[in-house]
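Participant: Sequence:
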Amino acid sequence: MLRAKAQKFKNEGARLRDRVLTSTDTVFGMTAIPVVDVTVNALNKNATFRTLFEKSFGVHREAPVPEFHSKTLRKRVKPMIKSIEPKAVGSTTGKVALYATCYGNYNSPTIGEDFVKVFQHNNIHIDIVPKEKCCGMPKLELGDLDTVEALKNANIPVLAKLVDEGYDLIAPIPSCVLMYKQELPLLFPNDPDVIKVQKAFFDPFEYLWLRHKGGELNTEFPNALGDIAYQVACHLRVQNIGIKTRDILHLVPGTVVTAQERCSGHDGTYAVKEETYDKAVKIARPVVRKVDEQQADHFSSDCPMAASHIAKLSDSTEKPKHPMTLVCMAYGL
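Counting in my numbering, the sequence shown runs from -6 upward without gaps.
Hints may contain errors.
[Unchecked claim] Below 25 Å or equal to it, Euclidean Cα-Cα: the simulated SDA-like pairs (lysine to any residue) are:
(1) K88 to G207
(2) K71 to N4
(3) K192 to F214
(4) K88 to D240
(5) K275 to K305
(6) K189 to E142
(7) K126 to E268
(8) K126 to N116
(9) K312 to Y324
(10) K71 to A153
(11) K(-2) to N34
(12) K126 to N34
(13) K110 to F214
(14) K75 to E142
(15) K80 to E209
(16) K206 to H243
(17) K88 to N34
(18) K283 to A252
(19) K(-2) to K124
(20) K(-2) to P182
(21) K68 to D18
(22) K80 to T140
(23) K126 to A147
(24) K(-2) to E176
(25) K(-2) to A252
(26) K126 to R43
(27) K124 to M73
(28) K206 to L179
[Claimed, not checked] Ranges of calculated distance between the beta carbons of each label pair, as one might list FRET restraints:
(29) I74 to T32: 18 to 26 Å
(30) K192 to G6: 34 to 42 Å
(31) E78 to R(-4): 26 to 34 Å
(32) G219 to R8: 43 to 51 Å
(33) K75 to K283: 34 to 42 Å
(34) V31 to E213: 34 to 42 Å
(35) V249 to L179: 32 to 40 Å
(36) E55 to G219: 29 to 37 Å
Hint data in this document are derived by calculation from the structure and do not stem from the laboratory. Where a beta carbon is used, it is the ideal one built from N, C-alpha and C, also for glycine.
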């Protein structure tokens, strides 16, 4: 499928909308400028604008679009960082660098604060990756492999240097984790730095579970979370690490997690485009129905985009929470 996408992109290119939607560094950076972010967020909530935007640009008027924040994850997290003496446990060093990701940095910045709180609460030294570009997943889905390689060439040296300095690597978005753990190594199997980064990259809950197995996870949770409806993101499932997010949440007393291993239908831009939005809604219906039937205290997914798509279609008024936010709540942080 990737070969077909790449050939199509090479022969036909892509429409402007698709190029813009997948140019996350540029678009997200521009829309997160102070005042611009407020204006863009207001327009995205305006029905008249969304109708015009659909007709002129091809973004469906009903599709949930993320808010943009000038106070990014990187800005929020920087003053929170404190030095903790790392303790290695199993395959983990106890010293991690958080790759913010485009979505995490500009659209869900508070998640980064929860990551820092939870990891520091577990005596794990956590820093922010000093500089980064998009992981390349949006361009990979488009078939633009030249841009994927350019982004790889920008990111891998920075990440490989961190690994050399004793850091493990994590990210808040499953798609970005998958990019470094699977997609880039498949595309560039002979690049030693790509393989070095692959071996050091962990899903965040995979990381916490490895620490738990070594007896180094704080399991004193003062707050029960009750009933949780949890959608397992597709890009998390294909990592073949098990449902570690659910396993960590199950450690919280008074908490029951029901995992739904069904696709949300979002797929990055699929649920945003005018011509595929209705199909994305149809794909999401089974998991939406399960979530509505459960009537849980919380709804969660590791993928904020999947979560927002499901929540938009759900009868529930409960806003989705990232699993790390739920862990933060359980700790009372």
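Participant: Tell me, which hint numbers fail for this structure?
Facilitator: Violated hints (numbers, rising): 2, 3, 7, 8, 11, 14, 17, 19, 22, 25, 26, 28, 29 and 31; every other hint is consistent with the structure.
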